[in-house]
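Student: Chain residues, written in single-letter form:
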Amino acid sequence: MSAWIGGAVACAAVCGSTSLLSSCDDPQASSGRTKLRVQLDWVPEPEFGGLYAAKQLGLFDAAGLEVEIIGGAPGVPVAQMVASGTCEVGLLSGDQILTTRAKGGSIVALYATFEVNPTAVMVHESNPARTLKDLWTGGGIVATEPGLPWVQLMNKKYGVDQVRIVPTTGALASFIADPSLAQSIFITAEPVQMELQKIPVRTISVAESGYNPYVAVYCVNEALLNSDEPALRRFISALRRGWQAYQQDPEKFNAAIAALNPAMTVEAMNISAKVQHDYVENDETAAHGLGWMSAERWQATEVALRETAILKDAVDWRSAFRLLPEEPGR
Amino acid sequence: MPLAFGEVRVMSLVWSRVWPPCAAIICAVLIWGLSVYVFDIPPYLVPSPGAVAHAARERWEQLLWACAATAQSASGGLLIAALVGIIGGAVIASGKLFLRGVYPIASFLQMVPLVAIAPLLVIWLGYGKAPATAAAALVAVFPILANTIDGLRAADPSLREVFQLHGASRFQLWWKLELPGAVPSIVTGLRVAAGLSVIGAIVGEFVSGYAGDRAPIGMVVMTAMRESSTDLVFAAIALSSLVGLLLFALVNLVGLLLLRRWHPTGDPS
Numbered sequence: 001m002s003a004w005i006g007g008a009v010a011c012a013a014v015c016g017s018t019s020l021l022s023s024c025d026d027p028q029a030s031s032g033r034t035k036l037r038v039q040l041d042w043v044p045e046p047e048f049g050g051l052y053a054a055k056q057l058g059l060f061d062a063a064g065l066e067v068e069i070i071g072g073a074p075g076v077p078v079a080q081m082v083a084s085g086t087c088e089v090g091l092l093s094g095d096q097i098l099t100t101r102a103k104g105g106s107i108v109a110l111y112a113t114f115e116v117n118p119t120a121v122m123v124h125e126s127n128p129a130r131t132l133k134d135l136w137t138g139g140g141i142v143a144t145e146p147g148l149p150w151v152q153l154m155n156k157k158y159g160v161d162q163v164r165i166v167p168t169t170g171a172l173a174s175f176i177a178d179p180s181l182a183q184s185i186f187i188t189a190e191p192v193q194m195e196l197q198k199i200p201v202r203t204i205s206v207a208e209s210g211y212n213p214y215v216a217v218y219c220v221n222e223a224l225l226n227s228d229e230p231a232l233r234r235f236i237s238a239l240r241r242g243w244q245a246y247q248q249d250p251e252k253f254n255a256a257i258a259a260l261n262p263a264m265t266v267e268a269m270n271i272s273a274k275v276q277h278d279y280v281e282n283d284e285t286a287a288h289g290l291g292w293m294s295a296e297r298w299q300a301t302e303v304a305l306r307e308t309a310i311l312k313d314a315v316d317w318r319s320a321f322r323l324l325p326e327e328p329g330r
Numbered sequence: 001m002p003l004a005f006g007e008v009r010v011m012s013l014v015w016s017r018v019w020p021p022c023a024a025i026i027c028a029v030l031i032w033g034l035s036v037y038v039f040d041i042p043p044y045l046v047p048s049p050g051a052v053a054h055a056a057r058e059r060w061e062q063l064l065w066a067c068a069a070t071a072q073s074a075s076g077g078l079l080i081a082a083l084v085g086i087i088g089g090a091v092i093a094s095g096k097l098f099l100r101g102v103y104p105i106a107s108f109l110q111m112v113p114l115v116a117i118a119p120l121l122v123i124w125l126g127y128g129k130a131p132a133t134a135a136a137a138l139v140a141v142f143p144i145l146a147n148t149i150d151g152l153r154a155a156d157p158s159l160r161e162v163f164q165l166h167g168a169s170r171f172q173l174w175w176k177l178e179l180p181g182a183v184p185s186i187v188t189g190l191r192v193a194a195g196l197s198v199i200g201a202i203v204g205e206f207v208s209g210y211a212g213d214r215a216p217i218g219m220v221v222m223t224a225m226r227e228s229s230t231d232l233v234f235a236a237i238a239l240s241s242l243v244g245l246l247l248f249a250l251v252n253l254v255g256l257l258l259l260r261r262w263h264p265t266g267d268p269s
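These protein sequence lines are chains A and B, in that order.
Residues 1 to 330, numbered by my numbering, are exactly what the first sequence covers, in order.
Residues 1 to 269, numbered by my numbering, are exactly what the second sequence covers, in order.
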């Protein structure tokens with residue numbers, strides 16, 4: 001009799017632990033809410049302000065979502081992580097989404113944070129270069145992430161004989177030490193740090209030089225979009241409301257973000273949020289709402305990638321993004 | 001004309017050394033290709049061997065230049081590591097004071113992660129080959145240093161007594177007994193350091209390499225990752241292993257020339 005009881009208890013333990021383990025991977029978490037892991041492509045900064053604001057305001061909870069925000073770093077393979085299902089949502093640039101789709105990764109863009117590409121090249125005030133052409137033909141060094149499409153566009157346009165392209169880790173020590181160095185940055189981040197350190201710099205915008213993909217785009221695996229669109233609609237709607245709150249009063253939320261990123265002070269984040277305001281909002285978002293994406297911009301990005309030969313064949317840019325209907329707040 | 005007995009013996013020796021690793025590599029590639037096919041693994045996660053070969057063929061010129069650049073940094077770093085390691089090892093092994101005072105510091109420096117130092121190398125040495133060579137030297141020096149010290153201190157005590165009985169000076173003891181006895185150990189250290197120097201060079205290139213048609217392997221890998229070209233990443237990694245193997249073979253050749261006449265480790269059979 002005791003042997004039967006022991007066996008039954010053992011079976012129950014095995015079944016219980018199996019169901020517990022399986023619920024860890026089940027998007028329908030044991031709390032009944034849909035679990036979404038959001039993988040950032042950089043450390044917590046104001047460029048993700050709306051996401052953190054939505055979480056702080058409880059907008060995701062109210063939408064029946066359990067959102068986990070995973071901080072990023074240089075080199076995190078967000079595209080592969082979203083395409084393989086390691087995380088449900090990832091942040092990428094529009095060009096990365098197109099190149100991943102070209103390699104067979106079925107990821108779809110749902111929300112674009114930046115309507116204007118905030119990528120720029122930062123130079124010391126003493127540097128005579130005023131345009132990207134000056135940098136590429138002036139014999140200097142440009143520190144940037146290797147393989148970026150806009151860099152390859154410039155290489156194609158102006159050649160590489162008179163410029164040395166070197167990698168950047170995102171740190172500014174080399175830039176500060178060498179007045180001749182130019183460094184690729186986000187206009188909303190590194191120049192703010194230089195301003196606070198009283199180092200005079202100038203920025204040369206990549207968007208104004210002709211390359212303007214959507215940046216900090218929230219994307220998901222197409223299979224998840226097809227299987228659970230309602231949850232993703234609620235996520236995007238809550239995210240949009242979070243961004244609306246953040247755009248109105250970023251200082252309210254920056255202290256919590258700064259606690260996650262000790263390398264950037266609250267003061268720097270407040271300045272950064274002010275600078276990025278007009279990169280997040282423009283006439284199109286006034287007409288269509290924050291996070292808006294247009295077919296023309298996606299098509300232009302695809303054409304630019306084919307020009308650089310990053311994309312060897314045409315990619316169906318129409319299926320690379322989807323605008324989900326708004327879900328009313330709860 | 002039939003082969004002489006000696007020629008047959010050499011060919012048999014070479015064949016017995018070559019076919020086992022070739023067979024292992026072919027099996028590994030077959031298993032890899034089969035796994036990708038059977039489990040339907042997407043190419044952006046794990047490319048098939050065919051895709052990697054295609055990427056290598058398409059970009060062969062770029063990869064060749066990349067190998068040459070990385071080999072240059074790795075071999076330069078290995079040479080610097082060999083000089084510093086052997087001379088430093090000889091100094092540390094020469095007295096108990098050095099052994100107790102300096103060796104622990106050298107051991108501590110070995111533990112410092114290269115990825116943390118690499119950006120500092122760029123600040124101190126600028127961009128290009130210098131930081132990659134320095135990174136290669138930093139990673140490769142400790143095995144050479146440790147093996148040199150162990151080799152020099154491992155001289156047979158009874159032989160040492162014989163030398164002392166015959167009135168040998170300290171230098172004669174070192175030159176005729178300790179150093180020759182340490183050569184096998186030093187060669188072992190160089191073998192280990194050869195592969196490590198390639199790793200160090202590539203880590204250095206991640207933060208200091210020049211991009212472009214003649215970019216080193218580290219930059220090719222980073223660029224390919226950015227473009228989601230996993231097949232090119234694999235091709236670059238395979239070639240970096242080849243660079244490591246070539247350096248290893250070179251060190252083995254040096255070891256063979258130094259040791260073949262008198263030490264068992266110098267016997268190629």
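No wet-lab data here; the hints were simulated from the structure.
Glycine included, C-beta positions come from ideal geometry on N, C-alpha and C.
Errors might be hidden in some of the hints.
[As the list claims (entries may be wrong)] Just a sample of chain A residues kept apart from chain B, beta carbon distances all over 10 Å, derived:
#: 1; residue: 145
#: 2; residue: 151
#: 3; residue: 303
[Stated by the list, open to error] List of simulated lysine to any residue pairs, SDA-like, C-alpha gap at most 20 Å:
#: 4; chain 1: A; residue 1: 103; chain 2: B; residue 2: 45
#: 5; chain 1: B; residue 1: 96; chain 2: B; residue 2: 213
#: 6; chain 1: A; residue 1: 312; chain 2: B; residue 2: 164
#: 7; chain 1: A; residue 1: 103; chain 2: B; residue 2: 58
#: 8; chain 1: A; residue 1: 103; chain 2: B; residue 2: 33
#: 9; chain 1: A; residue 1: 156; chain 2: A; residue 2: 141
#: 10; chain 1: A; residue 1: 35; chain 2: A; residue 2: 233
#: 11; chain 1: B; residue 1: 176; chain 2: B; residue 2: 191
#: 12; chain 1: A; residue 1: 312; chain 2: B; residue 2: 213
#: 13; chain 1: A; residue 1: 274; chain 2: A; residue 2: 205
#: 14; chain 1: A; residue 1: 103; chain 2: B; residue 2: 40
#: 15; chain 1: A; residue 1: 103; chain 2: B; residue 2: 53
#: 16; chain 1: A; residue 1: 103; chain 2: B; residue 2: 87
#: 17; chain 1: A; residue 1: 312; chain 2: B; residue 2: 58
#: 18; chain 1: A; residue 1: 156; chain 2: B; residue 2: 96
#: 19; chain 1: A; residue 1: 274; chain 2: A; residue 2: 43
#: 20; chain 1: A; residue 1: 103; chain 2: B; residue 2: 164
#: 21; chain 1: A; residue 1: 157; chain 2: A; residue 2: 176
#: 22; chain 1: B; residue 1: 176; chain 2: B; residue 2: 192
#: 23; chain 1: A; residue 1: 198; chain 2: A; residue 2: 140
#: 24; chain 1: A; residue 1: 133; chain 2: A; residue 2: 210
#: 25; chain 1: A; residue 1: 103; chain 2: B; residue 2: 103
#: 26; chain 1: A; residue 1: 312; chain 2: B; residue 2: 40
#: 27; chain 1: A; residue 1: 103; chain 2: B; residue 2: 39
#: 28; chain 1: A; residue 1: 156; chain 2: A; residue 2: 205
#: 29; chain 1: A; residue 1: 312; chain 2: B; residue 2: 39
#: 30; chain 1: A; residue 1: 157; chain 2: B; residue 2: 212
#: 31; chain 1: A; residue 1: 312; chain 2: B; residue 2: 87
#: 32; chain 1: A; residue 1: 103; chain 2: B; residue 2: 57
#: 33; chain 1: A; residue 1: 157; chain 2: B; residue 2: 213
#: 34; chain 1: A; residue 1: 35; chain 2: A; residue 2: 75
#: 35; chain 1: A; residue 1: 103; chain 2: B; residue 2: 165
#: 36; chain 1: A; residue 1: 312; chain 2: B; residue 2: 90
#: 37; chain 1: A; residue 1: 198; chain 2: A; residue 2: 210
#: 38; chain 1: A; residue 1: 274; chain 2: A; residue 2: 202
#: 39; chain 1: B; residue 1: 176; chain 2: B; residue 2: 33
Student: Next step is simple, just say for each hint if it's right about the structure.
Tutor: Checked hints:
1. 145: Its Cβ does come within 10 Å of chain B, the nearest being 6 Å, so this is violated.
2. 151: violated (8 Å)
3. 303: holds (17 Å)
4. A:103 with B:45: Judged against 20 Å, a Cα distance of about 10 Å means the pair holds.
5. B:96 with B:213: Roughly 52 Å between the alpha carbons, so the hint for residue 96 of chain B and residue 213 of chain B is violated.
6. A:312 with B:164: Not OK: residue 312 of chain A and residue 164 of chain B at ~75 Å, beyond 20 Å, violated.
7. A:103 with B:58: holds (16 Å)
8. A:103 with B:33: holds (18 Å)
9. A:156 with A:141: It holds: about 17 Å lies between the C-alpha atoms, which stays within 20 Å.
10. A:35 with A:233: holds (14 Å)
11. B:176 with B:191: Judged against 20 Å, a Cα distance of about 24 Å means the pair is violated.
12. A:312 with B:213: Within the cut-off at roughly 18 Å; holds.
13. A:274 with A:205: Judged against 20 Å, a Cα distance of about 17 Å means the pair holds.
14. A:103 with B:40: holds (14 Å)
15. A:103 with B:53: holds (16 Å)
16. A:103 with B:87: Violated, at about 51 Å.
17. A:312 with B:58: holds (13 Å)
18. A:156 with B:96: Between residue 156 of chain A and residue 96 of chain B the Cα gap is close to 62 Å, so the pair fails against 20 Å, i.e. violated.
19. A:274 with A:43: holds (19 Å)
20. A:103 with B:164: The given pair, whose Cα atoms are some 72 Å apart, is violated under the 20 Å limit.
21. A:157 with A:176: Since the Cα atoms of residue 157 of chain A and residue 176 of chain A sit roughly 29 Å apart, the hinted pair is violated (cutoff 20 Å).
22. B:176 with B:192: With Cα atoms ~26 Å apart, residue 176 of chain B and residue 192 of chain B exceed 20 Å; violated.
23. A:198 with A:140: Violated, because 24 Å separates the two Cα atoms, which is more than 20 Å.
24. A:133 with A:210: holds (12 Å)
25. A:103 with B:103: With Cα atoms ~51 Å apart, residue 103 of chain A and residue 103 of chain B exceed 20 Å; violated.
26. A:312 with B:40: violated (24 Å)
27. A:103 with B:39: Given pair residue 103 of chain A, residue 39 of chain B holds - Cα atoms ~18 Å apart, limit 20 Å.
28. A:156 with A:205: holds (18 Å)
29. A:312 with B:39: The given pair, whose Cα atoms are some 27 Å apart, is violated under the 20 Å limit.
30. A:157 with B:212: holds (14 Å)
31. A:312 with B:87: violated (53 Å)
32. A:103 with B:57: Answer holds: residue 103 of chain A to residue 57 of chain B is near 18 Å, not above 20 Å.
33. A:157 with B:213: Holds. Residue 157 of chain A to residue 213 of chain B sits at ~15 Å (cutoff 20 Å).
34. A:35 with A:75: Roughly 25 Å between the alpha carbons, so the hint for residue 35 of chain A and residue 75 of chain A is violated.
35. A:103 with B:165: Given pair residue 103 of chain A, residue 165 of chain B is violated - Cα atoms ~75 Å apart, limit 20 Å.
36. A:312 with B:90: violated (57 Å)
37. A:198 with A:210: violated (30 Å)
38. A:274 with A:202: holds (18 Å)
39. B:176 with B:33: violated (55 Å)
When each numbered hint is compared with the structure, violations occur for hints 1, 2, 5, 6, 11, 16, 18, 20, 21, 22, 23, 25, 26, 29, 31, 34, 35, 36, 37 and 39.
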